[in-house]
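Protein chains: 4
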Amino acid sequence: MSENDTSWMHTEMGSTTPTTITVCGMDLADDIMGKISFTDLAFRMVAGRLPDERESVLFNAVLVSLADHGITPTVLAARLTYLGAPEAVQGAIAAGVLGGGSVFLGVAEDAARFLDEILGELLPVPDDLELHQAASEALSKLRKEGRRTPGLGHPVHKETDPRVPRMYELAAELQLLGPHLRLLEIVAEVSEQTSGRRLPINGAGVAGAALADLGFDWRIIRGFALLARTAGLLGHLAEEMRTPMAMPLWQMVEAGSTE
Amino acid sequence: MSENDTSWMHTEMGSTTPTTITVCGMDLADDIMGKISFTDLAFRMVAGRLPDERESVLFNAVLVSLADHGITPTVLAARLTYLGAPEAVQGAIAAGVLGGGSVFLGVAEDAARFLDEILGELLPVPDDLELHQAASEALSKLRKEGRRTPGLGHPVHKETDPRVPRMYELAAELQLLGPHLRLLEIVAEVSEQTSGRRLPINGAGVAGAALADLGFDWRIIRGFALLARTAGLLGHLAEEMRTPMAMPLWQMVEAGSTE
Amino acid sequence: MSENDTSWMHTEMGSTTPTTITVCGMDLADDIMGKISFTDLAFRMVAGRLPDERESVLFNAVLVSLADHGITPTVLAARLTYLGAPEAVQGAIAAGVLGGGSVFLGVAEDAARFLDEILGELLPVPDDLELHQAASEALSKLRKEGRRTPGLGHPVHKETDPRVPRMYELAAELQLLGPHLRLLEIVAEVSEQTSGRRLPINGAGVAGAALADLGFDWRIIRGFALLARTAGLLGHLAEEMRTPMAMPLWQMVEAGSTE
Amino acid sequence: MSENDTSWMHTEMGSTTPTTITVCGMDLADDIMGKISFTDLAFRMVAGRLPDERESVLFNAVLVSLADHGITPTVLAARLTYLGAPEAVQGAIAAGVLGGGSVFLGVAEDAARFLDEILGELLPVPDDLELHQAASEALSKLRKEGRRTPGLGHPVHKETDPRVPRMYELAAELQLLGPHLRLLEIVAEVSEQTSGRRLPINGAGVAGAALADLGFDWRIIRGFALLARTAGLLGHLAEEMRTPMAMPLWQMVEAGSTE
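Protein chains in written order, with the numbering used here: chain A, 1207 to 1465; chain B, 1207 to 1465; chain C, 1207 to 1465; chain D, 1207 to 1465.
Honestly, the hints are just simulated from the structure, not real lab data. Worth double-checking, as some hints may not be accurate.
With a straight-line Cα cutoff of 25 angstroms, these simulated BS3-like cross-link-like pairs (lysine-lysine) come out [claimed, not checked]:
1. C/1350 to B/1350
2. C/1350 to B/1347
3. B/1350 to C/1347
4. A/1350 to D/1350
5. D/1350 to A/1347
6. D/1241 to A/1347
7. D/1347 to A/1350
8. C/1241 to D/1241
9. B/1241 to A/1241
10. C/1347 to B/1347
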């Protein structure tokens, strides 16, 4: 790179002049505000195109399915951080986001990646027979490596994760049940057949498959889970302002640790 | 607190059983997915009630108005963090969120708080005369303390921030132009009259006022700005994956610093 | 700023050539490694000069006094974040750092700032009479504003925070008991005399005063508290790897919240 | 776990009573302040034992070798975050820490893990012949998998990273040149012999090997790199307060992106 090459100083996300603001090539005031929903704009920013009405419904369903699960480790981390720095709510949100790693939220990404890599080896529109064959091979490879199947199994929802049948129902209604969602069903079937043990599809897995069918690269899928979770964190922080949980939580553990 | 008091272990955000997931008192699969948009759920989580249709339009308009501004310091921080830890996208998002402090995103909160404190001294439905009087007093107090007026002035949009007239137009159309938005207009007028210098309302200020008119406490308003910005960060990170900016940026400054 | 002005691309912190690394103007391999301790280098990086031997002892005493306090909210936040993202230990440390706001660690900064502002109004080497007078005025100003005295009072150490007499003893031995430390003692005395209630100096307050006497600007003092705390966070994370606390903590609160 | 089992509420890090503070089983005021350096305490917190004098010298040498490298992506992220939230310096430090992922600081961890896994297959005190044999096998495995050798190669120090010979010299002087450091040398030799291309040991690699020889688990080694880097971040933030770099950096990129 020449020292004077500034071509990398470029973004298609947006720009500003004294009289206009442009976001994703659209005029923010005239074309977006009051006309495009926040969720559709989020889709547009990452995908490079607006969703159609059906895609918007499925995308919203994915985001709400990931937004909150009551008390989670990330929620507790955010509340405890707020206790120490209430003047910097961005820190509490960041702390809540930082727990979104491999163990919990990463599952959506892992499932999308797993399905994507299988599909990448197949022809564009695989039929169920091909998917079955590919799923069998992928599962026996995972088994040899001693790895778990991304997107299957849940510590609480041992029979059925209620988000899963609903997502499939919606995707079918909207005619958006694409190859990632279909393959995930087949993976669950083959897994049960070959292991003799039912591991239901989990909510993160179906969310990852639905986002992949909407066209998103698996590398950004964890980001959508974090966007969804940020809304949940706001709800928890607003509740923490009214009915604090962090202080008694800390006091309890502190007392327990000094006995 | 007795050591056995566990009443603080309580949230109204959500809970899970083996067969159900409840979010804000609603069944996630049956009542939310496919029925309630992500934005409306975010509103519900913080406000404790769903928005009506008009409120939803204004709330979406606020969020899209805050979602992205092209190249900002927080965007650069997120991209630079991604360069060092691409396997942990939650860290890049957190780094981007952490710049949302007093200087940029805090303005929405500051404006809402400023307006809220003035309105808190007045009777419930103040008329314009009362608002003028109260604005004059508040501005002369700020002037004595050498402080700037929250919500006024913008380094680039010196005449008019294009988001502002659009937000007022929308709020009026939706019959949601409440006392915070009205007071902000009057503050801008009085400020120009008394100082002889026009400082236009800025986009963060009008967003803060609109959120306050929607019923949100000023303490959580920065959180909505951060939620909105998280969508923008996702867009920038997806772009960074395709066309990296962080590496040449770093190399340029590094080279410049060693000359 | 001209577009071609790159004079801001400058740091005195360090630079690299193919054969050398320079840190703070010294050769890293020849002049620092094996010769200058990490703590002294940290002092040098911020102060622009190396500490002498006595200063080094006091600086180390301050850092160890702030490094850990057993179970704190920030420690819990770090452990909970590690649970979700064990592959990204930087996120757990960041989450632990983010709770270092106004409520806990900010106290060191607040105390230093409070003392600094009082001393800034006095002549360079004030005697005790002047300090008494200035302390009285500052305390009555705080009282009028309904604010607490930075650096006084502790929820657990109601009589004496054990770090405080030890820090004064050390500072006296090392002949480093400067005006900030002296003023803090006088503030505590005057506070007790005028209120009739003993509020002991707390450990964060004495740390802030000692750092200010070492010549550090109050704006960076919270940073040293965070550096010290980072060592404590590493200890807790290493312990969390061996004997996990985050998982049972979460499970307990989760169970309690769904009863 | 029974709901009443609170045995997990336990830490060996520290505890507090109204009159005492205990850190790592020692009295903070009497046994640590003024007697144990911050660096030795950090070692103690993670290792569960204090270092001896020679170990302390090597440990300090590792930390100073990692503390700063002038302008890095993480430094820029911290400075840009400070620009937006100067009132929350913990956020700027966290942002700087978050870039410590796989690409830069993770190398110390990767090298330690790589060496540890090789040594784990060998008898306790392997001789050079065994190390050569094991290194050859490990390198040909890496080559087959198309992976780079952890700890070798540097974009700037193409001949010799100046930290490396210095660390080996120190370790030899201190009689602390253990199997990880020795194996790393042999890995570099074998790599050059078999590939015909010299890839020098890099500073992060030698730091990871030295920490592993000091007895630290590879899982916590990235944490020490982050502790060291936090000192560097403080230096950069103190400099940013005096001579800001973030604002002109942002303005330059922003201007370049809107041309």
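Comparing the hints with the structure gives:
| no. | hint | result |
| --- | --- | --- |
| 1 | C/1350 to B/1350 | 19 angstroms, holds |
| 2 | C/1350 to B/1347 | 19 angstroms, holds |
| 3 | B/1350 to C/1347 | 19 angstroms, holds |
| 4 | A/1350 to D/1350 | 19 angstroms, holds |
| 5 | D/1350 to A/1347 | 19 angstroms, holds |
| 6 | D/1241 to A/1347 | 56 angstroms, violated |
| 7 | D/1347 to A/1350 | 19 angstroms, holds |
| 8 | C/1241 to D/1241 | 20 angstroms, holds |
| 9 | B/1241 to A/1241 | 20 angstroms, holds |
| 10 | C/1347 to B/1347 | 20 angstroms, holds |
In summary, the one numbered hint that this structure violates is 6.
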